[in-house]
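Let's have the full structure, built from the sequences with the hints guiding it.
Note that the protein sequences, when read in sequence, are chains B and Y.
Residue numbers for the first sequence follow our numbering, beginning at 2 and rising by one.
Residue numbers for the second sequence follow our numbering, beginning at 2 and rising by one.
In short, the hints are calculated from the structure, not lab data.
It should be emphasised that the depicted structure is a prediction, and the values quoted were computed from it without experimental measurement.
It is possible that part of the hints are untrue.
No distinction is drawn between identical chains; accordingly, a pair holds when it is met within one copy or between any pair of copies.
[As the list claims (entries may be wrong)] When the alpha-carbon atoms are kept at most 30 angstroms apart in a straight line, the in silico DSSO-like pairs for lysine-lysine are as follows: (1) Lys63 / Lys309; (2) Lys319 / Lys63; (3) Lys181 / Lys319; (4) Lys311 / Lys68; (5) Lys311 / Lys251; (6) Lys56 / Lys399; (7) Lys149 / Lys83.
Here is how the chains run, residue by residue.
Protein chains: 2
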Amino acid sequence: MDSKQFVTQIADINENFAQWYTDVVLKTELVDYGPVKGTMVIRPYGYAIWENIQKDLDARFKQTGAKNAYFPLLIPMSYFTKEAEHVEGFAPEVAVVTHAGGAKLEEPLAIRPTSETVIGTMYAKWIQSYRDLPVMMNQWCNVMRWEKTTRPFLRTSEFLWQEGHTVHASEEEAVEETMKMLEVYRSFAEETLAIPIYTGRKTEKEKFAGAVATFGMEAMMLDGKSLQAGTSHYLGQNFSKAFNIKYLDKDSNQKFGYTTSWGVSTRLIGAIIMAHGDQRGLVLPPKVAPIQTIIVPIATHKSGVIEKAKEVESILVKAGIRAETDIRDMSPGWKFNEWEMKGVPVRLEIGPRDIENNQAVIVRRDTFEKITVSLDNLAECVNAILEQVQSNMLVKSKAHRDARTIEADSLDGILSGVEGKNFVKAGWCGCRECEDKVKEVAQATARVMCDEDGVPEKCAICGKPAKHKVIFARAY
Amino acid sequence: MDSKQFVTQIADINENFAQWYTDVVLKTELVDYGPVKGTMVIRPYGYAIWENIQKDLDARFKQTGAKNAYFPLLIPMSYFTKEAEHVEGFAPEVAVVTHAGGAKLEEPLAIRPTSETVIGTMYAKWIQSYRDLPVMMNQWCNVMRWEKTTRPFLRTSEFLWQEGHTVHASEEEAVEETMKMLEVYRSFAEETLAIPIYTGRKTEKEKFAGAVATFGMEAMMLDGKSLQAGTSHYLGQNFSKAFNIKYLDKDSNQKFGYTTSWGVSTRLIGAIIMAHGDQRGLVLPPKVAPIQTIIVPIATHKSGVIEKAKEVESILVKAGIRAETDIRDMSPGWKFNEWEMKGVPVRLEIGPRDIENNQAVIVRRDTFEKITVSLDNLAECVNAILEQVQSNMLVKSKAHRDARTIEADSLDGILSGVEGKNFVKAGWCGCRECEDKVKEVAQATARVMCDEDGVPEKCAICGKPAKHKVIFARAY
Numbered sequence: 002m003d004s005k006q007f008v009t010q011i012a013d014i015n016e017n018f019a020q021w022y023t024d025v026v027l028k029t030e031l032v033d034y035g036p037v038k039g040t041m042v043i044r045p046y047g048y049a050i051w052e053n054i055q056k057d058l059d060a061r062f063k064q065t066g067a068k069n070a071y072f073p074l075l076i077p078m079s080y081f082t083k084e085a086e087h088v089e090g091f092a093p094e095v096a097v098v099t100h101a102g103g104a105k106l107e108e109p110l111a112i113r114p115t116s117e118t119v120i121g122t123m124y125a126k127w128i129q130s131y132r133d134l135p136v137m138m139n140q141w142c143n144v145m146r147w148e149k150t151t152r153p154f155l156r157t158s159e160f161l162w163q164e165g166h167t168v169h170a171s172e173e174e175a176v177e178e179t180m181k182m183l184e185v186y187r188s189f190a191e192e193t194l195a196i197p198i199y200t201g202r203k204t205e206k207e208k209f210a211g212a213v214a215t216f217g218m219e220a221m222m223l224d225g226k227s228l229q230a231g232t233s234h235y236l237g238q239n240f241s242k243a244f245n246i247k248y249l250d251k252d253s254n255q256k257f258g259y260t261t262s263w264g265v266s267t268r269l270i271g272a273i274i275m276a277h278g279d280q281r282g283l284v285l286p287p288k289v290a291p292i293q294t295i296i297v298p299i300a301t302h303k304s305g306v307i308e309k310a311k312e313v314e315s316i317l318v319k320a321g322i323r324a325e326t327d328i329r330d331m332s333p334g335w336k337f338n339e340w341e342m343k344g345v346p347v348r349l350e351i352g353p354r355d356i357e358n359n360q361a362v363i364v365r366r367d368t369f370e371k372i373t374v375s376l377d378n379l380a381e382c383v384n385a386i387l388e389q390v391q392s393n394m395l396v397k398s399k400a401h402r403d404a405r406t407i408e409a410d411s412l413d414g415i416l417s418g419v420e421g422k423n424f425v426k427a428g429w430c431g432c433r434e435c436e437d438k439v440k441e442v443a444q445a446t447a448r449v450m451c452d453e454d455g456v457p458e459k460c461a462i463c464g465k466p467a468k469h470k471v472i473f474a475r476a477y
Numbered sequence: 002m003d004s005k006q007f008v009t010q011i012a013d014i015n016e017n018f019a020q021w022y023t024d025v026v027l028k029t030e031l032v033d034y035g036p037v038k039g040t041m042v043i044r045p046y047g048y049a050i051w052e053n054i055q056k057d058l059d060a061r062f063k064q065t066g067a068k069n070a071y072f073p074l075l076i077p078m079s080y081f082t083k084e085a086e087h088v089e090g091f092a093p094e095v096a097v098v099t100h101a102g103g104a105k106l107e108e109p110l111a112i113r114p115t116s117e118t119v120i121g122t123m124y125a126k127w128i129q130s131y132r133d134l135p136v137m138m139n140q141w142c143n144v145m146r147w148e149k150t151t152r153p154f155l156r157t158s159e160f161l162w163q164e165g166h167t168v169h170a171s172e173e174e175a176v177e178e179t180m181k182m183l184e185v186y187r188s189f190a191e192e193t194l195a196i197p198i199y200t201g202r203k204t205e206k207e208k209f210a211g212a213v214a215t216f217g218m219e220a221m222m223l224d225g226k227s228l229q230a231g232t233s234h235y236l237g238q239n240f241s242k243a244f245n246i247k248y249l250d251k252d253s254n255q256k257f258g259y260t261t262s263w264g265v266s267t268r269l270i271g272a273i274i275m276a277h278g279d280q281r282g283l284v285l286p287p288k289v290a291p292i293q294t295i296i297v298p299i300a301t302h303k304s305g306v307i308e309k310a311k312e313v314e315s316i317l318v319k320a321g322i323r324a325e326t327d328i329r330d331m332s333p334g335w336k337f338n339e340w341e342m343k344g345v346p347v348r349l350e351i352g353p354r355d356i357e358n359n360q361a362v363i364v365r366r367d368t369f370e371k372i373t374v375s376l377d378n379l380a381e382c383v384n385a386i387l388e389q390v391q392s393n394m395l396v397k398s399k400a401h402r403d404a405r406t407i408e409a410d411s412l413d414g415i416l417s418g419v420e421g422k423n424f425v426k427a428g429w430c431g432c433r434e435c436e437d438k439v440k441e442v443a444q445a446t447a448r449v450m451c452d453e454d455g456v457p458e459k460c461a462i463c464g465k466p467a468k469h470k471v472i473f474a475r476a477y
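In structure tokens:
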């Protein structure tokens, strides 16, 4: 909060991307490390981004008919063992409550790493007949997965997310829901975060523990690595059989439901930072920026300047723009640096000569373009520029992603491709050995399959006939 | 979810209020019991009320300058011991994580029962100078306090709440913040929940563990018991000294800050139920009702009826009213019962004859008054009725509260007063013995002090000179 800490340096984005990331998230006060290893504190500037994400996504969920609910944090350990793959996947990273209220518990309780088990238990109780289906619920909550390393927003033991859980009468309907929610995420990422996404099915190795099929969305970061930004799982009858989610069908037979689950987390904030940032710091998409326009009055000692700046602020705020005025006792240049670092999409400068000429100077964060605008119709003008920033950011990151998507037909090609910081599309025979080989040789993983893109004849790794086309990349 | 379960009976509200409450929260699908003892699941209909509460309160908090943030769930056990009263108050009801990631932890971690300790630790790191003050943050989160009994919304091991935490340079400013947030809660309860509140300082016995002074808000429930609906704590320098929250003042001296904290929880939903309900079930204040107007088409087999109902719905929804149409294949009478039980403030019936006459019939949930309205200007009309319901509910609960607020000047008077289901105002000498005596004899506690009401000459319990006027009541 002390203003002095803003002036310090950020590591070189090209030479040390990891340090650049850490510098940016800490210095812009998005986040801080919590007292317990592996935890983070989301500070107001970071949390405001999350609130904007939540508001936008929540409306999209509700449009599909999903409703919010809240399920308990603590899950009996025995629940995890009911679905064999699920326990194998999650047991190693669970945090366990063994004592409470001054006594040892009869059964240890897990802090939810994800809630299929507890929500499945409740669904089994609530669902009786085909008339009760589909059931579509979502919860916004904290989850915990014990991690050895800490990277704010990317990898922490506790994080915030939403998890949607649905039950359907037929496989067809459940698969449709899985794909629909994947599309909700994809369009949200593009329209709101200005991040283009590759979506597709995950390989068996990379899928969610307990799913029949996992569909992921992968975003290209500025350092050429991929970030999994969200997943939508088709769970088939795996969980409905494990938790006895049955319904009486029209034909008077008891049948197991088909379930799905889908989630995105505060990781999305990491994606925004690494998809759009630059040497000066954050570049925030206007739709999620906590402050969309920062007003910096120039020559504040001159009478009427601060008043005019405040007047401009109130005009913008009335028009629905998140605008603030920086009237602190610091130089304009210092303020420019700080708000550039904090990624505010539009800066509006106003001084005595501007006031005389009934104008203001606008500087775009994405292009640094300077635009002199009239104070008449100012709100319309700022709104138009914010829209331009938003769409330009998508164009830019799409160009980056496309330029860094290449094809390869050999393991060498995959290796040099990912070393060159690319998404590499290649044929794959479908066997685990080849997938492991890519990991071993190129430190890259199969991000998603993109068969609709045209499956090559041969597997790039073993040369046998290919069954899929896969996007390989190094990933967060 | 199966429609059949709605038809069942609710216990008599006058004969067995506790069972009435349980029946209502379960049958209206606000809530269900979770698999772990002491936990609840907040179902969509209940969670939608919480979302409306959050939206309204959050805007009020932000108007005071508070910003949202998120702090870790897990707190090192050693943190609690830093403030002596605090550990004594909370240690017995803490849930403890001892194992994580497959290994035993070096230090056991508490699941937050409240976050003064972890937030204080971060504030100490962030605050350097007087320029950083005041700091005002709030978080919406889950907390856990191990409980032996379970009463959905009223007493569960895990619940949802918000906790605001502020730091100020002076005692005066911190006390002002404490009182300001109490007033935010009081006005919110009256304006939005239609619940009149007595506010005041708590006695030493009843205050928050670690506070200098706790101010509470007490609401009268229909059974004559009091419900503590929120608290605002002035913490003085207790936590700033324990956690080293210091700032460099203008005079170049290091000084400890003065802190406050304030919170309300999903208990508020319990307050709504018990302040407004009746034999038919819930009566929800329009401002927080998930559905404000339920449209029930009559004689749906007649052509055009469902279409007209849907048209009415879209007119209301466009006007910002939360309206839904019940087109299920059940009789109108069955639907009336169900939506009355679910507390929807306004029911709108529309059938062939209504359509012919360009009208609809509106029935208010609070008074059962029937009003025939024209379909012209329908939205304005419904909005006006919703406002009337909202204000009438406050008038009604205020009348109930006032009629049940009496004075007493003896222990007998207090006993017969609380047995008669009243708030009892009485003089108190200020000593713990007299307070304990009231508890022992009348099973009532000091809810808040109301000295501004005029302190009586004598303590109603011991007859010595009174120092305070206290509201005694039996309480949840």
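Just pull the numbers of the violated hints for me, sorted ascending.
-> none
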